[in-house]
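Participant: Heads up: the protein sequence lines correspond to chains A and B, in order. Per the numbering used here, residue 1 is the first one in the first sequence, and the count goes up by one each step. Per the numbering used here, residue 1 is the first one in the second sequence, and the count goes up by one each step.
The hints are simulated quantities; they were obtained by calculation from the structure and are not laboratory data. Don't be surprised by glycine CBs; every beta carbon is placed ideally from N, CA and C. Please note that a few of the clues may not be correct.
Interface residues of chain A toward chain B, partial, derived using beta-carbon atoms under 10 Å [to be verified]:
| id | residue |
| --- | --- |
| 1 | 42 |
| 2 | 46 |
| 3 | 69 |
| 4 | 71 |
| 5 | 254 |
| 6 | 555 |
In silico lysine-lysine, DSS-like type, Cα no more than 27 Å apart, as pairs [stated by the list, open to error]:
| id | chain 1 | residue 1 | chain 2 | residue 2 |
| --- | --- | --- | --- | --- |
| 7 | B | 142 | A | 127 |
| 8 | A | 127 | B | 506 |
| 9 | B | 506 | A | 37 |
| 10 | B | 521 | A | 478 |
| 11 | B | 59 | B | 2 |
| 12 | A | 478 | B | 322 |
| 13 | B | 45 | B | 142 |
| 14 | B | 414 | B | 555 |
| 15 | A | 478 | A | 565 |
| 16 | B | 322 | A | 183 |
| 17 | B | 59 | A | 81 |
| 18 | B | 521 | A | 29 |
| 19 | B | 130 | B | 19 |
Each chain, letter by letter, is given below.
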Amino acid sequence: MINLTIDNQKVAVEPGTTILEAAKNTGAKIPTLCYLKDINVVGACRICLVEVEGAKTFIPSCVTPVAEGMVVRTNTPAVIKARKLVLELILSDHPMECLTCLRNQNCELQDLAREFGITEVRFDGAKSEYPIDDSSPAITRDPRKCILCRRCISVCTNVQTVTALCAENRGFETLIAPAFNEKLANMECVQCGQCTLVCPTGAIVERDDTAKVWAAIADPKKHVVVQTAPATRVQLGEALGAEPGSIVTGQMVAGLRRLGFDKVFDTDFAADLTIMEEGNELLQRITTGGTLPMITSCSPGWIKFCEHFYPDLLDNLSTCKSPQQMFGPLVKTYYAQKEGIDPADIYCVSIMPCTAKKYECQRPEMNSSGYQDVDVSLTTRELGRMFRQAGLDVTNLPDEKYDEPLGISTGAGEIFGASGGVMEAALRTVYEVVTGETLENIDFEVCRGITGVKEATVQVGDLSVKVAITNGLGNARKVLDKVRSGEADYHFIEVMACPGGCIGGGGSPIPTNTEVRLKRIEATYTEDERMTLRKSHENPAIIALYDEFLGKPLGHKSHELLHTKYTPRGVNK
Amino acid sequence: MKSLEELAKIRESRREALKIRQGVPSKTEKAHIMMCGGAGCISSKCLDVVEAMKKALNKNGIADQVQIVLTGCMGPCDMGPVAIIYPDATFYRRLKPKDAETIVEEHIMKGNKIRRLMYRAPGSKEPTPKVDDIDLFAKQKKVVLRNNFYIDPTSIEDYIANDGYVALGKALTEMKPEDIIEEVKKSGLRGRGGAGFSTGMKWTFTAAAKGTPKYVVCNGDEGDPGAFMDRSVLEGDPHSIIEGMAICGRAIGAEHGYIYVRAEYPLAIERLDLALQKARENGLLGQNIFSSGFNFDIEIRIGAGAFVCGEETALLTSIEGKRGEPRPRPPFPANEGVWGKPTVLNNVETWANIPEIIRKGAEAYSSVGTEKSKGTKVFALAGRINNTGIIEVPMGTTLREIVYEIGGGIPRKKAFKAVQTGGPSGGCIPAEHLDTPVDYDSLGALGAIMGSGGMIVLDEDTCMVDIAKFFLDFVVDESCGKCSPCRIGTKRMYEILDNISKGKGKEGDIELLEELATTIKATALCGLGQTAPNPVLSTIRYFRHEYEEHIRDRKCTCNVCEFEE
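Excised from the complex, chain B in its bound form:
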């Protein structure tokens, strides 16, 4: 890519071809079928539906007038397979291969939309045909997932048509490196990996650090159980990551980047790899990008599936081909990261925000969110909730809005008990705090954390001892084993919980759990260990009576724990 003009040319020509996805009927094409190709929909066999669609189109001789595009995750996983048919933006759900013919012959050829495949809001008899009118989407704000409804993730032209690489062009041709960092700082963007450190500050430290070369790294080792925010971005919009990283490369003076993705995300790896190839072919990676003299390229590193490799120092060690174990900080990666060189390491979701900040400016970006948490946050909604899947909301949205308005409430008229945020490092927030705005500081104050975006809803049938045990079991398994408090301490906590859950708890166990938990938090080497006790501490904090009931009365009100005789 030599110039902004060249980029604009591609953008304009492709935009013309994609107008149908903006609702403008086309003279040559009857429809674009945007089929959700997220892992949830793939599991519910969306590829069979695609095959059936192709057959139906061939049978009716209109295969050349309809495009089928497999997109990134659209969000409502429990309704999958889902699809949006443009130009009329009709949203269909729970598609079966046998529905393909009806859609092609009735909807696409005759304009008769299929009512039975449409979404119905809870309590409503009338379906909502248009995607934009659907309540659960209307409450959301898509910044990170801005392209997932609209683009083919394997097409760089699709990305460019949606203003892709404009930000990189602007950063390389109109901005000085320090201006880029200033803009990111002003945006108020905080790390979406969970800890919420200011992204701009991170870049400032790395830019100022002595030592060359410098590196830009993307943390795609998403590991919280039930969380797949980053996968959705990687699969649905890989170029947004590449663009974000390249902008950072310019800002801090790095020419090389790594994207660390876990091996369990083969589709993400495949799409990233393709995106990297296309970016190189188009001169958006490589030498002298936008004729600015700036060189940048990215390598993929595939992780072997250890949760701890999401911890920054472990990830960097793993990139070097060593056993992925955390090391003490300082030195921080900003000074000594990959190969001992200054490194910026941000999470997938953080990177996806960068092009939007640069393209629209910090002010526009930070108009969304709360005072100290700007922008949006992607969550993976799971558990006892009607609409499970991926959502993106402005920071400051309350838990109640997420659970009831976007999530559609609790199924089978059960009562809400708590929401667990932040996965194994997070905590449970009970009903009395449902009106808490979701941002880094409010969740932290409640003993939970924002985390990377896992959000598990628990209803009245959920035993909190069991939940604590579940998460602890996970960290016992995933502890790297380097430091003694995490290696042995979490194991001892699990053993105590296990005893309690089997009716073998003793007086004093809760206090011992608290003593272990606070000590592990204060003594463990890395973030994994320092947060591992959170699920136990927060459940004791809000549901101590359940622990007491298990120990004293040998009773599990929720009938989850099986007591040994």
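Next up, chain A with everything else stripped away, as it sits in the complex:
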């Protein structure tokens, strides 16, 4: 242990602990801005400075490891004065458009300015002026609001290994942007939106599509249906002030009805359908010598990543569309026919924990109903915003149930929201389909949790199914490299682009960090356990769908509506 003194208190911590972490033992909260635990540790903003005896300058506590006998003071008048001036400097190059900023009241810079009691900025010099980059269907950049903390670069480069953003120019002209200040839409950006989760300000945000949804609701000719992704029910509460891990399924449904949606359906239903198609696809590939390992295709950020960086592995991707995109065409075909509604009048909205879904629903191949299958995709954050605009205190509404038939789902569909969930749901079904036996213990614990790469071998009848589960694209890369080199002999790989799975998606409420992710995961499995039905093939609405409309999994109609193709995109040279 290393012994040191922080604010006159003796502290003993493990070697390698930073001053910032060590100070937590004394109750002192050192303010930070660029620092983001485990993701961005660069010492750039200079807000977390402390006094260390014997040092010539103030010391950044987030990057400085403790040393034996160190004497630290975290809150002397000199330290506070220095932090305040640094903050004043940062504010002097900030547009100060707080009232009209998407991140108003959810901004770390604003919080600090309040905590430090900044009432005046004495510098009226130049401000960084850059145009807004709204080229991407999912993510909007406003570099004027950027404080150059580098969190977006770190998460994009180190966690997602995409590297769509970097620092350009230098000095006051330094700009965080795609290389050569290219438009984001022209980059390998996979639209995962992890950058929007970590941005401390409003410099990089989801594209706000709420106006389109309000317009559709206001249009009397439109039959507006909404589908809610598995993760949204364990996230939305946070966007409305509830604790992380709150489950608000029924309240969300009630709220959506009160917003004026004609039907409130569940993406969980489509997740069950995905399992029917994907599970059968896996069995077909295994039994007929198809391309293995088969890799899941639910995560549009992952799909784009694969198209850019692993175009040689596109045949390994399941041809199944994601649940969002299976739902879309079904609403405009099956449901439209059943209800006698002209599909041209149906407006399909999805609520997703995801920014990439905005991109996915606009992909040109996603119109197998003859229309754009999903008209608009909102993030959980945007839905939270709509509820606030509508003055709906959703967390205090009575529970309501989803509409039938596309709102009927199982626990298997629900766990799609967490890393390992697609795999577990698939195993629950594949096991019973292959063996014809009832699965005794349906909880595949090996699939669960936030670990980056999980591996397991599951006995399904005579077959030992070797699986891998990854979350976060950097972890996917590790597994894909093994597949590429022929080292891996998996049958089935689940990839979710975002750390922790969809519950940690780029459209989640802010903050989303490891702690919050774990709580959402726990809530997801609680929700699964609450369900009467927990296996996709037991979903009566799915059984009816095949009986009435699709025929059989992987059948002709399925291929037409529920399966897709991919585009090798490669990397900008």
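Chain A is fixed; fit chain B onto it per the hints.
Facilitator: Chain B alone, transformed into the frame defined by chain A:
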């Protein structure tokens, strides 16, 4: 190179051929014309003079009896093109191509030296013909630039003839690694990049650090405006760097070195590259050097011209091919340097000292200098001074000696106002401190720094607000943009200075500048930011009245600042 004997053989045979440069007339050769090939002289068209010399020699049929050697920088740049003619060591200045014939036909063929091309000391009517008698050289002591008058930088034999690679031979065959480090420590050598950290300590830390392989790196990213000390060494004596680095490799257990040179130094890169090739050909780099089992080689890395890449962590990051930005320390390069491995990083001038320390011993080396600053220091003299160029003086030489005795004083009888040392990281020292001995600690105490060796002399016509603005403009441009105090703070300081210089200053601006300056110094991430406010702080410290005059009276006594109506 297999043995010291083999080295000695080359040395002796080459020495014989170079005796003429020691003043011994040769039977076969009439003269060696050492033409300064430093960038200053190249700009003043010394290559045209060389061409004319060649023509004149051919015309007179003595081309085979006269060698023309393009050397590294000889120092007195304002007199360029300059040359020394051996064996009589005559120093000529301001040469024009038309002077070539006269020199060849009169001086070389008949022994009639050309008076009009000789140097005249200020106030003296008689010229000084011999280089060694010239006042501005006599006050200097050449350790780092020991070879620049004498060798052809493209010839490894020339370097060897002047005791080159003796130190490496000694280090590899007679010394243990810990003895080498001990010797460097005892020499008192401090880093010539500016910060003045003990070189021996640096090596000790790296030698003790866990992790392999280890690396030896040379910082040749000299970036201070007007400074070209390191370029002069790289161009004039590249083998001294290679030898110094190889000695360090042995001392710390490294087999690989990098020399990081900025792309703006193409001649330095060319000469280094050639020197590396020759060293390899002669077995002075590569495997089993001096049959000692020691392997060492060096790669050149070319920087893209960012000032901040002179900062050690930025430089190391740049070597790895990444954006050259500093990172927090610790970890220090001694523990985690290039590729995350233990690394010694020293500046060009520091490396050039190493062979001398090992060859002559720490004691001899440290006999020059002051108590805490040993050896010599190279400076680039510039500004309002008669003799601009490169000089090398013992540590402890006073500013007055440098300005008046070596620099020849201020032109046009103007009064001395201040000397700016340390470039954008340094400060201005006023006339009352002219008798300060130049060493790390004395300059630091005055609010300036030794820095890498830029020295700009300012006379009474220099506006100190304008000078501060000039240096701040430079750092605003060169800040990497990573940390907020440097990125935004220096910009705000510049804007305030700019307002003051345009007559738009306000009461309180000086205090705001001071507040910004002290905070940036205490909060910035790297040395660039931590020293960036120095030019402003030191000018406020010594010339506050000039700032006040600009703000209160809207007046620039020096008539430099143009006030807006």
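Participant: Given the proposed pairing of residue 521(B) with residue 478(A), does the C-alpha separation stay at or below 27 Å?
Facilitator: Violated: residue 521(B) and residue 478(A) sit about 43 Å apart, past 27 Å.
Participant: Would the pair residue 414(B) and residue 555(B) pass a check requiring their Cα atoms to be no farther apart than 27 Å?
Facilitator: Measuring from Cα to Cα gives roughly 21 Å; hence the hint holds.
Participant: For the hint on residue 42(A), does the least C-beta distance to chain B fall short of 10 Å?
Facilitator: holds (7 Å)
Participant: Quickly compare the C-alpha distance for residue 142(B) and residue 127(A) to 27 Å and report which way the hint goes.
Facilitator: violated (50 Å)
Participant: Hint check: residue 130(B) vs residue 19(B), CA-CA at most 27 Å. Holds or violated?
Facilitator: holds (17 Å)
Participant: Quickly compare the C-alpha distance for residue 45(B) and residue 142(B) to 27 Å and report which way the hint goes.
Facilitator: holds (26 Å)
Participant: Against chain B, with CB atoms and a cut of 10 Å, does the hint on residue 254(A) hold up?
Facilitator: violated (46 Å)
Participant: Is the hinted pair residue 127(A) and residue 506(B) satisfied, with a Cα-Cα distance of at most 27 Å?
Facilitator: Measuring from Cα to Cα gives roughly 21 Å; hence the hint holds.
Participant: Would the hint on residue 69(A) stand, with a C-beta cut-off of 10 Å toward chain B?
Facilitator: violated (15 Å)
Participant: Would you mind confirming whether the straight-line C-alpha gap from residue 478(A) to residue 322(B) stays at or under 27 Å?
Facilitator: holds (23 Å)
Participant: Is residue 478(A) close enough to residue 565(A), meaning Cα to Cα at most 27 Å?
Facilitator: holds (24 Å)
Participant: What's the verdict on residue 59(B) and residue 2(B), does the C-alpha distance respect the 27 Å limit or exceed it?
Facilitator: Violated, at roughly 44 Å.
Of the numbered hints given earlier, the model fails hints 3, 4, 5, 6, 7, 9, 10, 11 and 17; all others are met.
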